[in-house]
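Chemist: Sequence:
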Amino acid sequence: MELSLTTRTVGEHTVLDVGGEVDVYTAPRLRERLVELVDGGSRHVVVDLGRVDFLDSTGLGVLVGALKRLRAAHGTFGLVCAKEPLLKIFRITALDQVFPIHPSVEAATSTSSGDRDDNPPAA
Numbered sequence: 150m151e152l153s154l155t156t157r158t159v160g161e162h163t164v165l166d167v168g169g170e171v172d173v174y175t176a177p178r179l180r181e182r183l184v185e186l187v188d189g190g191s192r193h194v195v196v197d198l199g200r201v202d203f204l205d206s207t208g209l210g211v212l213v214g215a216l217k218r219l220r221a222a223h224g225t226f227g228l229v230c231a232k233e234p235l236l237k238i239f240r241i242t243a244l245d246q247v248f249p250i251h252p253s254v255e256a257a258t259s260t261s262s263g264d265r266d267d268n269p270p271a272a
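Residue numbering for the sequence shown follows the numbering used here, starting at 150 and increasing by one per position.
No lab work stands behind these hints: they were computed from the structure. Predicted model only: the values in this text are computed from it and were never measured. Take these hints with a grain of salt, some might be off.
[Claimed, not checked] For each label pair, taking beta carbons as the anchor points, the in silico distance ranges come out as:
1) Val159 - Ile241: 16 to 24 angstroms
2) Asp202 - His223: 30 to 38 angstroms
3) Asp202 - Glu181: 29 to 37 angstroms
4) Ser206 - Glu151: 18 to 26 angstroms
5) Pro234 - Val173: 17 to 25 angstroms
Backbone N, C-alpha and C define an ideal beta-carbon position, used for all residues, glycine too.
Generate the whole structure from the sequences, applying the supplied hints.
Modeler: Quick look at the structure:
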């Protein structure tokens with residue numbers, strides 16, 4: 150399946166809408182786009198997974214990498230995910246404790262400080 154990536158701006162946030170499957174074959178495109186956004190100056194990034202049908206460990210690794218890159222740049226990174234199968238993956242891997250996960254783009258972009266946890270739980 151194809152991977153679709155579209156970017157839009159909501160307030161001070163850059164929203165990356167992702168669709169399709171994020172797997173070992175498509176994850177490099179997602180990684181490249183996220184690196185481009187950060188290198189291009191985006192400091193408040195929200196990834197909307199609302200149209201993602203499948204997410205594997207490679208895709209999770211890309212998202213963790215983007216979170217680290219933005220934190221190093223003193224930015225914020227949030228996910229929008231309301232699909233139970235995807236939320237289950239985040240819970241099983243305990244990444245729901247690492248990523249700020251929001252039910253909607255509106256919730257993720259409502260405040261610049263609301264999508265960053267300055268004191269994440271200890272691993």
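Chemist: Could you work out which of the previously given hints the structure breaks and list their numbers from low to high?
Modeler: 1, 3
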